[in-house]
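As a plain string of letters, each chain reads:
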Amino acid sequence: MTNNMLVNLFILLSLTGGAAFFLPKDKYSRFFSLLVFAGAVSYGWLIWQAYLSGSSEPFVFHWIQYKSLHIDINLSANQRNYLYLMPLGIVLLFSLFCNIFSRQEIRRLRLGGLMCVNLAFLLLLICTNNLIILMISAFLTSITTLYIINDYESKKTYIVYDLISDMALFTAFAIIYSQFHQVELSVLTKYAREGEHIPLVASLILLSLLIKNGLFLFHNQLLSFRDLNFNRLVFLSFSSLPVVGILIYEKVMPLLSAFEYGRLVIAVTAGLSAVYALGGTLIYDDIKEKTLCFNMLFWAFLYALALTVPHFSFSAYFSLFLLMLALNGLIHALSAAASDEIYVSKTGGFFKNLWLLFLFFVLWFAIFAQNTLSLDYSQAGARVVIVLFVSFMALALAHFLREVFFGATQADEIVSARLKALPYADCWLPAVLICGWSVFPFPEVSRTAVMAFAVFLLLLAIHPLRRLSRYYADEELQLAEFFKRFYELVVLTPITVLGRILWLTIDFVIIERTIINSLSDMIKFLIKVSQKIHQPALINYILLALCGLGILFLYTGR
Amino acid sequence: MSSNLYLLSVIIVLPFLGMLFVLAAKNDEKTGGRNVYNVSLFTVIANIVLILRMFSRLDVKSSALQLVERFTWLENPRIDIVLGVDVFSALLLLSIHLAFIIGFIAVRHNRIQQKSMMVFALLFLSQITGFLLAADVFSFYIFFEAMLFPVFMLIGIFGDIRRQGIMYRFFLYNFLGAVVLFLATIILYNYQNGAVEISKVTQLSFNGRTEHFMWASILISFLSRIPIWPFHFWIASVSSSIKNPLVFIIVNLIPLTGIYGLIRFLPQTFPVSAAFYITALEIIGVVTMLFIALIGFINRDTQYKFFSYITVYYIMYMLGLLSKNTLIMLNVGFSFFSYLIIVAGLEFVSSYVRSQQEKLELGTEGLLCPVPRLAFVYSFLVLAAIGLPVSSLFLNNFLIISSLLENSFNLGITVVCALVLSSGALLGDLYRLKDSSAFCPEKGCITDISKPYFFFMTFIIFVLIASFIRPLWFLGR
Numbered sequence: 016m017t018n019n020m021l022v023n024l025f026i027l028l029s030l031t032g033g034a035a036f037f038l039p040k041d042k043y044s045r046f047f048s049l050l051v052f053a054g055a056v057s058y059g060w061l062i063w064q065a066y067l068s069g070s071s072e073p074f075v076f077h078w079i080q081y082k083s084l085h086i087d088i089n090l091s092a093n094q095r096n097y098l099y100l101m102p103l104g105i106v107l108l109f110s111l112f113c114n115i116f117s118r119q120e121i122r123r124l125r126l127g128g129l130m131c132v133n134l135a136f137l138l139l140l141i142c143t144n145n146l147i148i149l150m151i152s153a154f155l156t157s158i159t160t161l162y163i164i165n166d167y168e169s170k171k172t173y174i175v176y177d178l179i180s181d182m183a184l185f186t187a188f189a190i191i192y193s194q195f196h197q198v199e200l201s202v203l204t205k206y207a208r209e210g211e212h213i214p215l216v217a218s219l220i221l222l223s224l225l226i227k228n229g230l231f232l233f234h235n236q237l238l239s240f241r242d243l244n245f246n247r248l249v250f251l252s253f254s255s256l257p258v259v260g261i262l263i264y265e266k267v268m269p270l271l272s273a274f275e276y277g278r279l280v281i282a283v284t285a286g287l288s289a290v291y292a293l294g295g296t297l298i299y300d301d302i303k304e305k306t307l308c309f310n311m312l313f314w315a316f317l318y319a320l321a322l323t324v325p326h327f328s329f330s331a332y333f334s335l336f337l338l339m340l341a342l343n344g345l346i347h348a349l350s351a352a353a354s355d356e357i358y359v360s361k362t363g364g365f366f367k368n369l370w371l372l373f374l375f376f377v378l379w380f381a382i383f384a385q386n387t388l389s390l391d392y393s394q395a396g397a398r399v400v401i402v403l404f405v406s407f408m409a410l411a412l413a414h415f416l417r418e419v420f421f422g423a424t425q426a427d428e429i430v431s432a433r434l435k436a437l438p439y440a441d442c443w444l445p446a447v448l449i450c451g452w453s454v455f456p457f458p459e460v461s462r463t464a465v466m467a468f469a470v471f472l473l474l475l476a477i478h479p480l481r482r483l484s485r486y487y488a489d490e491e492l493q494l495a496e497f498f499k500r501f502y503e504l505v506v507l508t509p510i511t512v513l514g515r516i517l518w519l520t521i522d523f524v525i526i527e528r529t530i531i532n533s534l535s536d537m538i539k540f541l542i543k544v545s546q547k548i549h550q551p552a553l554i555n556y557i558l559l560a561l562c563g564l565g566i567l568f569l570y571t572g573r
Numbered sequence: 034m035s036s037n038l039y040l041l042s043v044i045i046v047l048p049f050l051g052m053l054f055v056l057a058a059k060n061d062e063k064t065g066g067r068n069v070y071n072v073s074l075f076t077v078i079a080n081i082v083l084i085l086r087m088f089s090r091l092d093v094k095s096s097a098l099q100l101v102e103r104f105t106w107l108e109n110p111r112i113d114i115v116l117g118v119d120v121f122s123a124l125l126l127l128s129i130h131l132a133f134i135i136g137f138i139a140v141r142h143n144r145i146q147q148k149s150m151m152v153f154a155l156l157f158l159s160q161i162t163g164f165l166l167a168a169d170v171f172s173f174y175i176f177f178e179a180m181l182f183p184v185f186m187l188i189g190i191f192g193d194i195r196r197q198g199i200m201y202r203f204f205l206y207n208f209l210g211a212v213v214l215f216l217a218t219i220i221l222y223n224y225q226n227g228a229v230e231i232s233k234v235t236q237l238s239f240n241g242r243t244e245h246f247m248w249a250s251i252l253i254s255f256l257s258r259i260p261i262w263p264f265h266f267w268i269a270s271v272s273s274s275i276k277n278p279l280v281f282i283i284v285n286l287i288p289l290t291g292i293y294g295l296i297r298f299l300p301q302t303f304p305v306s307a308a309f310y311i312t313a314l315e316i317i318g319v320v321t322m323l324f325i326a327l328i329g330f331i332n333r334d335t336q337y338k339f340f341s342y343i344t345v346y347y348i349m350y351m352l353g354l355l356s357k358n359t360l361i362m363l364n365v366g367f368s369f370f371s372y373l374i375i376v377a378g379l380e381f382v383s384s385y386v387r388s389q390q391e392k393l394e395l396g397t398e399g400l401l402c403p404v405p406r407l408a409f410v411y412s413f414l415v416l417a418a419i420g421l422p423v424s425s426l427f428l429n430n431f432l433i434i435s436s437l438l439e440n441s442f443n444l445g446i447t448v449v450c451a452l453v454l455s456s457g458a459l460l461g462d463l464y465r466l467k468d469s470s471a472f473c474p475e476k477g478c479i480t481d482i483s484k485p486y487f488f489f490m491t492f493i494i495f496v497l498i499a500s501f502i503r504p505l506w507f508l509g510r
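Those protein sequences? They're chains A and B, same order as listed. Just add 15 to the spot in the first sequence (first one is 1) and you have the working numbering. Just add 33 to the spot in the second sequence (first one is 1) and you have the working numbering.
Misleading hints may appear alongside valid ones.
[Stated by the list, open to error] Restraint ranges, calculated between C-beta atoms of paired labels, are given here:
#: 1; chain 1: A; residue 1: A469; chain 2: B; residue 2: I498; range: 46 to 52 Å
#: 2; chain 1: A; residue 1: L98; chain 2: B; residue 2: F442; range: 46 to 52 Å
#: 3; chain 1: B; residue 1: S483; chain 2: A; residue 2: E496; range: 39 to 45 Å
#: 4; chain 1: B; residue 1: R111; chain 2: A; residue 2: L569; range: 51 to 57 Å
#: 5; chain 1: A; residue 1: L480; chain 2: B; residue 2: S483; range: 46 to 52 Å
#: 6; chain 1: A; residue 1: E211; chain 2: B; residue 2: T312; range: 19 to 25 Å
#: 7; chain 1: A; residue 1: L513; chain 2: B; residue 2: V46; range: 47 to 53 Å
#: 8; chain 1: A; residue 1: H77; chain 2: B; residue 2: S232; range: 32 to 38 Å
#: 9; chain 1: A; residue 1: T511; chain 2: B; residue 2: S469; range: 20 to 26 Å
#: 10; chain 1: B; residue 1: Q390; chain 2: A; residue 2: V544; range: 34 to 40 Å
#: 11; chain 1: B; residue 1: I498; chain 2: A; residue 2: S389; range: 30 to 36 Å
#: 12; chain 1: A; residue 1: L30; chain 2: B; residue 2: F492; range: 18 to 24 Å
These aren't lab readings, by the way, just hints derived from the structure by calculation. All residues carry an ideal CB built from backbone N, CA and C; glycine is no exception.
Looking at chain A on its own, in the form it has when it is part of the complex (with noise of 0.2 Å):
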């Protein structure tokens, strides 16, 4: 152990991470996630005493040193560095209480492991001031997420979006190596200055990034975490690329900017992002994939606020993120307590017997408005941006509670007979502690924040959209996978197409059967020809004496 705090967690989490690897799978696997989840506390209250001490510790390993590569491990204790780990470490904590009690969770030491090591990682990310530990971490991150996802359809159509957005990263750090030789995130402005081929670099960070944030048009892997369950889909959700996409975001900026249509590409794809999220919230069936929406829909006005001010720091809209991780919860909650129902047409009229619950969601609300319309928005741009986050979650909010909690109850009667008043408290209380949390110390209550909170009473009365429910029934569109039969049509297709081509006529027909064919044939008839030469005939012998002559007149020139 160093007296740097930040190596200290790097190194605790990691053998946290391993040791759950070995611990017996099944035997007293509450009691030892209980205590990884105690571990995890006590480093949590650590950080928390050495971020409010403002300790600042250098540490800086030299991993690689020769001649013009040098890569250096920073992992520098700074108040920054803490600030950006808390709310990671929240996640975390949230999850790990959650996996202790979940009953959906076979393997629960596991998950509670790949989750210690997952922070490890993202604490290389954060602390990182070059481009090569950046990859790595955001790469290990990738991976561990991929051990995360435990149901065969996530990880196929995560895999594929993962290898692209690590593939485009790659390439665009390799292209920036390739001009300057640094790899210090510093050479992004010089590369921003100098560099060649910025349009191509952007637009691979910029992909890169929209496929780990699943914004519109690669949502897709975003939205197949709902074949998991909860814990595992709120973790990914909120400390696994998402994050690890914004968290880069941040540190490429001074690059992106410098890409004349990086704005424009932003602000469409997060508008796409917000509509479609939108959309989802109201029309989507499956209770996970509304939470996947909710949860797009943040990331989505997230990139979208980060246009509208000079200089994005991930770390003012944190109280937001950890609401959003809160909303999830009580979604949670909510599932839980019907039974693990997924199905909001299967809900219906649940006020009765879970109000405290929905007085969680409807405070929950009006702590959102009051954090996010408190949000600076002194620029034109993130007024218009901020107002229109909270009217879309106020909509889609109040259409999803007014579904679920009041009319005529759709749950089957085990459902409605095994309905909780509250559920266990592993789904709302970790939940109701971060909305708690996040409203000390009692601000100043807006007006805008309290008509926001009417303007949701209002929707939740009237219940505006109350006919898109009957798009609940549509087995078409609740199961089309548009985009991914999109891409199929569009990519895969063709490579398929041009590969069998290629293979057929080039392998097959111009080099096995024309190449290599004619090659056979013609020594075979030169065998044939040799054979024929030399068989006992006078014009044979002829023949032959008349060649032999010929050669040595060719040689010795008469």
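Use these hints to put chain B onto chain A, whose structure you have.
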């Protein structure tokens, strides 16, 4: 020389001696092939110990040939045999031996023609070791050609039903390469009238036509070994027809000899006459890469996918070496270290899956679902193969691709596209094997790899991770 204790010669001769012991080993029903197997394995392990000893005597910061051994073979005509090693060839030697160990472990229970397999495998190992340590043109040529014999025999013994056609192609392509290199060797010998050290080839001056002919011959002979269009066809046919993992590993070491030949012969500054060939080589190389990556992507045969992956990487290394950068050359060397181990490991696990599949007459979908140990090893190796940061391939690839992008942007981008396709092919194959929706326990499940196998593969994984943690360890601090 005496201080070296003929270390390099011993490293070459030991597998040959092992082969003689294997020939003499009792191989009846009572021994069940254990003698043959144990002697072979012991030989390779003993040689690894010697290679590690050799490493300890190397100055890793020097790029010159070291531990040089010189023997006079013939007085008239004067032919000297010169052996030497540098960091690059030492790394290749070590990785080839490790790949052989993996191959041996993979065929541990294979009793079909076991003695022949081990004899030719050890003969090949001896010859490829000699090839990597040869420092003069003459011994280089001898080893370069001699190693074809065991490969030819192995294909003949272990090839599938199409083996006659495959052997014909193998002979055709390699014979062409052998003839032209033989002519180039004669020209070189004629100019020098004695031993020609490879490093001094470029210092010889020829007239225009001879120089052209010599460089064309050298390039063609090495290219015939690399799966570059149109020479790729024989290796593609062999790779998809060979089901024996050890033989597959051996066959796929042949392109390495072509790449190594290019490294040894192509000097830091290309002669003017070679410039044209180099440009042509780059263009053909990159087109082949994309071509084979595309075919690998659509082909459902795992062996072809491996071949496609192997080819893409070999050509990338070849293109990287043409950048004439010392750092890149060392990176290629160290990348080979991980790459060969990964390829051998992948072949090991895939051949295990294939044999189980054939035994139980199952489809490929979902085979890895009930076998966690095998699934873990397979997944790890695929992740390492596609260049994620779990082995040195990651950093090595980064530097090689940067170098390619620096030399020619379009070429670099095309290489990246080919890498994406070949990685996609490997991942697609892995997820076909892991397809839980197609897994049906009633039809039967394959058996997981045994614990000793798993521990062995865990050791291999550990070696790969270690190579990531210290990717350029051989350069020192």
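Tested hints:
{"no.": "1", "hint": "A469/A - I498/B: 46 to 52 Å", "in the structure": "violated (58 Å)"}
{"no.": "2", "hint": "L98/A - F442/B: 46 to 52 Å", "in the structure": "violated (40 Å)"}
{"no.": "3", "hint": "S483/B - E496/A: 39 to 45 Å", "in the structure": "holds (41 Å)"}
{"no.": "4", "hint": "R111/B - L569/A: 51 to 57 Å", "in the structure": "violated (33 Å)"}
{"no.": "5", "hint": "L480/A - S483/B: 46 to 52 Å", "in the structure": "violated (60 Å)"}
{"no.": "6", "hint": "E211/A - T312/B: 19 to 25 Å", "in the structure": "holds (22 Å)"}
{"no.": "7", "hint": "L513/A - V46/B: 47 to 53 Å", "in the structure": "holds (50 Å)"}
{"no.": "8", "hint": "H77/A - S232/B: 32 to 38 Å", "in the structure": "holds (34 Å)"}
{"no.": "9", "hint": "T511/A - S469/B: 20 to 26 Å", "in the structure": "holds (24 Å)"}
{"no.": "10", "hint": "Q390/B - V544/A: 34 to 40 Å", "in the structure": "violated (49 Å)"}
{"no.": "11", "hint": "I498/B - S389/A: 30 to 36 Å", "in the structure": "violated (47 Å)"}
{"no.": "12", "hint": "L30/A - F492/B: 18 to 24 Å", "in the structure": "holds (21 Å)"}
When each numbered hint is compared with the structure, violations occur for hints 1, 2, 4, 5, 10, 11.
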